[in-house]
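Student: Spelled out from the first residue to the last, the chains are:
There are 2 protein chains.
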Amino acid sequence: MKNYITHAEWSVIEEGFHPAYNEITESLMSLGNGRMGQRGNFEERYSGKSLSGNYVAGVYFPDKTRVGWWKNGYPDYFAKVLNACNWIGIDIRIGDEMLDLAEVEVEEFRRELNMKEGVLYRSAVVKLRSGVRVRLTAERFNSMADDESGAIRYSITLPDTDNEVKITPYLDGTIKNRDANYGQHFWDEVAKETAFAEGYLVLETIENPYKVERFQVATGMAYDLYLDGERIDFDAIPEKREKYVAGNITVKLPSQKELVLVKYGVNLSSANHERSRLLDNAKAYIDRVRKKGYQALKAAHVLAWAEKWERNDIMIDGDVAAQQGIRFNIFHLEQTYTGKDARLNIGPKGFTGEKYGGSTYWDTEAYCIPFYLATADASVARNLLVYRHRHLGKAIDNAAKLGFGYGAALYPMVTMNGEECHNEWEITFEEIHRNGAIAYAIYDYVRYTGDTDYLGTHGLEVLIGISRFWKQRFNWSEDKKAFVMLGVTGPNEYENNVNNNWYTNYIANWTLKYTLSVVDGLQSSDALNEVFEKVRFNYETERGDWEAILAKTHFPYDPERGVFLQQDGFLDKDLLTVDQIADHRPINQNWSWDRILRSCFIKQADVLQGMYFFEEDFTDEQLRKNFDFYEPMTVHESSLSPCVHAILAARIDRPEKAYEMYVRTSRLDLDDYNNDTEDGLHITSMAGTWMSIVKGFAGQRVVGNRLVFKTFVPENWNAYSFRIAFRGTLLQVKVSKEKTNVQRLSGDPLLLEVNGATLTV
Amino acid sequence: MKNYITHAEWSVIEEGFHPAYNEITESLMSLGNGRMGQRGNFEERYSGKSLSGNYVAGVYFPDKTRVGWWKNGYPDYFAKVLNACNWIGIDIRIGDEMLDLAEVEVEEFRRELNMKEGVLYRSAVVKLRSGVRVRLTAERFNSMADDESGAIRYSITLPDTDNEVKITPYLDGTIKNRDANYGQHFWDEVAKETAFAEGYLVLETIENPYKVERFQVATGMAYDLYLDGERIDFDAIPEKREKYVAGNITVKLPSQKELVLVKYGVNLSSANHERSRLLDNAKAYIDRVRKKGYQALKAAHVLAWAEKWERNDIMIDGDVAAQQGIRFNIFHLEQTYTGKDARLNIGPKGFTGEKYGGSTYWDTEAYCIPFYLATADASVARNLLVYRHRHLGKAIDNAAKLGFGYGAALYPMVTMNGEECHNEWEITFEEIHRNGAIAYAIYDYVRYTGDTDYLGTHGLEVLIGISRFWKQRFNWSEDKKAFVMLGVTGPNEYENNVNNNWYTNYIANWTLKYTLSVVDGLQSSDALNEVFEKVRFNYETERGDWEAILAKTHFPYDPERGVFLQQDGFLDKDLLTVDQIADHRPINQNWSWDRILRSCFIKQADVLQGMYFFEEDFTDEQLRKNFDFYEPMTVHESSLSPCVHAILAARIDRPEKAYEMYVRTSRLDLDDYNNDTEDGLHITSMAGTWMSIVKGFAGQRVVGNRLVFKTFVPENWNAYSFRIAFRGTLLQVKVSKEKTNVQRLSGDPLLLEVNGATLTV
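Chains as they are written, first to last, in full-length UniProt numbering: chain A, 1 to 761; chain B, 1 to 761.
Simulated from the structure, these hints should not be mistaken for lab results. Only a predicted model underlies this, so the values are computations on that prediction, with no experimental measurement involved. Cβ coordinates follow ideal geometry from the N, Cα and C atoms, glycine included. Be a bit skeptical, because a hint or two may be false.
A short list of chain B residues far from chain A (calculated; beta carbon distances all over 12 Å) [claimed, not checked]:
#, residue
1, Arg277
2, Val380
3, Val498
Under the rule of at most 27 Å between Cα atoms (straight-line distance), these lysine-lysine pairs were calculated in the BS3-like manner [to be verified]:
#, chain 1, residue 1, chain 2, residue 2
4, B, Lys552, B, Lys625
5, A, Lys283, A, Lys176
6, A, Lys64, B, Lys49
7, A, Lys355, A, Lys211
8, A, Lys64, B, Lys176
9, B, Lys355, B, Lys49
10, A, Lys71, B, Lys176
11, B, Lys71, A, Lys2
12, A, Lys176, B, Lys71
13, B, Lys481, A, Lys625
14, A, Lys240, A, Lys283
15, B, Lys355, A, Lys64
16, B, Lys64, A, Lys49
17, B, Lys64, A, Lys64
18, A, Lys176, B, Lys64
19, B, Lys257, B, Lys308
20, B, Lys481, A, Lys481
21, A, Lys480, B, Lys257
22, A, Lys283, A, Lys340
23, A, Lys71, B, Lys71
24, B, Lys64, A, Lys71
25, A, Lys710, A, Lys657
26, A, Lys480, B, Lys513
27, A, Lys211, A, Lys71
28, A, Lys625, A, Lys657
29, A, Lys481, B, Lys480
30, A, Lys471, A, Lys394
31, A, Lys552, A, Lys471
32, A, Lys355, B, Lys71
33, A, Lys355, B, Lys64
34, B, Lys481, A, Lys480
35, B, Lys513, B, Lys552
36, B, Lys2, A, Lys71
37, A, Lys292, A, Lys308
38, B, Lys355, A, Lys71
39, A, Lys480, B, Lys625
40, B, Lys625, A, Lys481
Could you put together the complete structure from these sequences and hints?
Tutor: Next up, the structure:
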């Protein structure tokens, strides 16, 4: 755990330079606008510890699968988020010396990510090896208002003496992914151009044997120079190399005068532009943003952020660390996904790193959708559902590859384009509960929005594909006289290849039941008939098969303890508790894999995940018994775990436990709990942090068609408030120790239930 | 399945050239002498399909582990059998044309591995592109009498016209392993020398970060030239390049005269020679073999083979294919391991290929030891046991790495030097039954040889280490009120991470029991006290712990069927039989891994492996029930499976089934059943083929101190006979349909039991 970030309500601040933590700070201070983004890298060269990372949404490369031992069914490739052209780079030379913060004496340093504005600020005073002192400031944003562009204001002042300053703004496409399997560069150059104070690079992802689309990205830059606020003329000598363009500017800089370079950058992807138009469009785009000018662009960007915060901010009174934590989580979620494009999804690292690859895990459905449902227009969550609907064909192909037929769909564990690209058999082939989360998200969306039309147009088709998979994946056990599901991995990945994982069996059963209820709900509508026709649904046989499973599914259970068993045989384990192995944690770093597997310790909520999803199916007594059995064995070594425990703890009146779990999730990255923030942030679990407050402390639910709250305030907070949208109405919810106040900010009046009382706002 | 090899009793013959099958033929016709060997490659250049492979026993390289996803506990490297210096190469140019069988018209071709002699013969008549016709013959052996050397007699005749012939015998160390993880060359050059008609290369394995010994191998060659039987003078122009030495000879060859090059080769490893002496020793060695001359060397080699066949031949009357099959298996076993060196073991591919790497799997203990016990001096099997004793310290380290303590030993799944080098978690960490096979081999050896002294000097120490591992690996299940063993993979690798694999639980229990019986047997001898002291054995506590486990271990069982269950929950599977999925076989090529895992289908004997090991613990009735339950589900997709089924089928009077299983195992490679002979031969399973006849058809066992036979003759054979050594006595066993005759060839009289009758021979 690190503790070098200043606690502040609206900002992430590094006071003084911490080179050893630079990659962590780079992750924390990443910028993005849903379309492009980059880590909090310096603009000028830096030879110290750094992961230079620029990313363009939806652009990836299918890197050949690398495994020790091949298993039938493995996908051919693993889709890597591509480290793309660096557009922020500005080389600075004072006299003959390259400015490089790893090589100078840093006298003053401050880096601040202002989350209210979405702007990264930096200021420093350094002494070069030559003895020359330099003051630099930099500010940068990726425009939320104009989302294929970003801008930088970079300034140099020489406090002591005049000197020659060489400035080289550049675009650099010679980057590599750090985790490239075979050390390859993933980009080819298509075109490059320079003009006065402008530069363009068009890159294309290298060929691949998997018939995966090759992306082109056109990156453009333009720059202007100002001296003490006045725009000045300058010469820029163009420089071109393989995948690199730059302009070289030399300025005699008098001491104490501020020299400012404004650099505009654009990134246009072939996903959104015709290839033949990419370069021209980039030029026109650059021209447009340059004409607007830095201050106008920034103002529009800050305004866009203000509108976001207007809707989704959570205010905490009395706990600055918690306040910073929740805003940090909301900020990065908003940077990662804006919901405008149904082809995009929420990558595990967003624009903050390139580890893991792929963009879509079940995290989206299980964790992110509730956040977007409550804080954004319903179209945002809908787009996330449509994304899966678009991939249904590939999910059916994926299931067929594993031996399933008749329209059964298995969605991939991780994907970019609908194709599976994970390659651990115990996860790729067995962690099939992901399918259930995709069905659940449809239910969750319809319940929250009331948009039942979605079922007929999209939802049912997906539900039938998933239900067909469950039907085939269950098998009848003559021994148990019940349907069983063998060889699965549940949400708790510290178990592999188990039989009858309670969570998976439960969500599979629920899917069958829900699909049938959707069919019933649509009665004999045209929409229903169209879907039935399209998927060749055999009503009698399929309904019969599904009902047979519903009638007799094996759910492992211990009647003595009154707990559902995570899987068959769970009680054979040595049932220890986490406090008995305090010295060994985190076990994923200290124990061999087989020891982890054999132990009772739980990486993330599994049975409890099911009870959270389907809480109305269980009594408080059941919930308490299961929570008390599993919580003490849970090591929470997944970022997705604490929030579920926080919500359930709130439900069963364990406020201290709920708060403890909230703290774990909210400052996970800010305090680098798991020693891995340097790889990038845990984006999807950030939605869990939001849920811990809204669904946990404020007890938000939807029951029937009604929004329900059951609130409490953690002991060391005075109060908290948040905004939430429900069916077109925006509410402000303020919870203090004395009372809970719900105010309607816009939209129609709503009937609510707050702490047991029914009221209309 | 291929069928291009001529059926012959003593030879493997390719009539006519089959270039598409060349890599298969190269595997089949591999030569070795326990110390060095190579595939049946051509001496002259060949640009067609070929895997050029030369190997030196015990020489390997630790190649960095490559996995998709790292799991804690994985070994750092995978030890690869090293493709070593090619010493057989002879380039032939006729006029300006390089002789290359891929580029010429092959008019006649015959390749024969004579197994009686251990010599590879080849003859061909080809027409070059220039129109010149060439007759070539080649013969080659790796001397069984002088095991760091080999020799080649290579002849050229021009039937039609005189021509200039250029002959270039060479040594080539520029080879690569085909499966190198990162495409590296594994050899550095240390020294090279040429002298008239001689050449030497000293190579060293490249540096590695794992502190694994770097090997040096000195390879030497010398050559002489003969024309029509007369030794002739010649010039040899030396040629040296990086890791390459050669001599270039030009001869005007009159038509119809036979030009013969005799090439001698030696391979001396730093494992057996001081590094500083390697080159000098190689020179002296070359000098010695050259002085002996080709015919004398060959005669000594053939004699050594005759002595081997004298002891281990199995003769089958009435079935040439079966006769060829069993000799092929015995031949390759003898080539792979001679038992002279306790540092060596039986690699899965011997000297026939480089796939899999490592040299030692549990195959050695479970399959090979019975063969060597019966066909070789007891010292051979003893050396195989001592090999594991030497690795005990590393087995204890290996267990510690996985979290076990107090002297618990876990032998590696595969190793070269005692360190684990496998990297699939489900095997590396979980296929721990291998530990039991190592204990069982000690029992098997002592039972067969009567050498109880071995227990005090070596065996007990190993048994205690293994027993301590089992003790810690069992855990008490409060639920079952029994000791259970969770998270294992049994011999049937089509199941992973199961609980209470019956075989593993059984052999673990048996180890504890046997170790205690050995302790009891040694009473309070000095040997016992020394061992106890050395391993700090706490007699009271440890015995108590072990007995507690022995008193209450969970063995999954189905009372209704009267069968032991392969693992907990086995009966939940869809219990199909192999004939129901005939179209899908082999499932390891046609099914996804998860489908294989979920199915009931069994890769290799698992419960039945245990019943084979411990047959005296079970009634025939039990055996029959279990056989009838498991046999129909067994797909035998491991080469180690059919032999166990053959033996058990014989035991329960199912001669047809026993014969069917024998055929599968004996011609596995000759007929390329599994489409993988080109990678090399299945060496360890060859011992299983031998067992199918001796332990299966002839029902050989040791009961008490007595050798027992219970014989039958497969229907389409007339008779068979074999030789078997038991406690210093060599017996000839002849089994015909009428009677079984046992004759003593040497040694003391023995009391035997043959088909129920007790007799002395």
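Student: Please work out if Lys355 (chain B) and Lys49 (chain B) have their alpha carbons no farther apart than 27 Å.
Tutor: Holds: Lys355 (chain B) and Lys49 (chain B) sit about 17 Å apart, inside 27 Å.
Student: Verify the proposed pairing of Lys211 (chain A) with Lys71 (chain A), using a straight-line Cα cut of 27 Å.
Tutor: Cα-Cα ~22 Å, so holds.
Student: Between Lys283 (chain A) and Lys176 (chain A), does the CA-CA distance stay at or below 27 Å?
Tutor: With Cα atoms ~26 Å apart, Lys283 (chain A) and Lys176 (chain A) stay inside 27 Å; holds.
Student: Is Lys64 (chain B) within 27 Å of Lys49 (chain A), Cα to Cα?
Tutor: With a Cα-Cα distance of about 26 Å, the restraint between Lys64 (chain B) and Lys49 (chain A) holds, given a limit of 27 Å.
Student: Lys283 (chain A) and Lys340 (chain A) were given as a pair; does the straight-line alpha-carbon distance stay at or below 27 Å?
Tutor: Distance ~24 Å between Lys283 (chain A) and Lys340 (chain A) Cα, so the pair holds.
Student: Does Lys64 (chain B) pair with Lys71 (chain A) here, judged by a C-alpha cut-off of 27 Å?
Tutor: Judged against 27 Å, a Cα distance of about 20 Å means the pair holds.
Student: For the pair supplied as a hint, Lys355 (chain B) and Lys71 (chain A), confirm whether the alpha-carbon distance does not exceed 27 Å.
Tutor: 17 Å, holds
Student: CA of Lys513 (chain B) to CA of Lys552 (chain B), is that 27 Å or under?
Tutor: 13 Å, holds
Student: Are Lys480 (chain A) and Lys257 (chain B) close enough, with their CA atoms no more than 27 Å apart?
Tutor: Violated. Lys480 (chain A) to Lys257 (chain B) sits at ~82 Å, over the 27 Å cutoff.
Student: Tell me if the straight-line CA distance from Lys355 (chain A) to Lys211 (chain A) falls inside 27 Å.
Tutor: Roughly 23 Å between the alpha carbons, so the hint for Lys355 (chain A) and Lys211 (chain A) holds.
Student: For a C-alpha distance cap of 27 Å, please report whether Lys71 (chain A) and Lys176 (chain B) respect it.
Tutor: Roughly 26 Å separates the two Cα atoms, so the pair holds.
Student: Need the status of pair Lys176 (chain A), Lys64 (chain B): alpha-carbon distance at most 27 Å?
Tutor: 22 Å, holds
Hint compliance for this structure: hints 3, 19, 21 and 26 are broken, all remaining hints hold.
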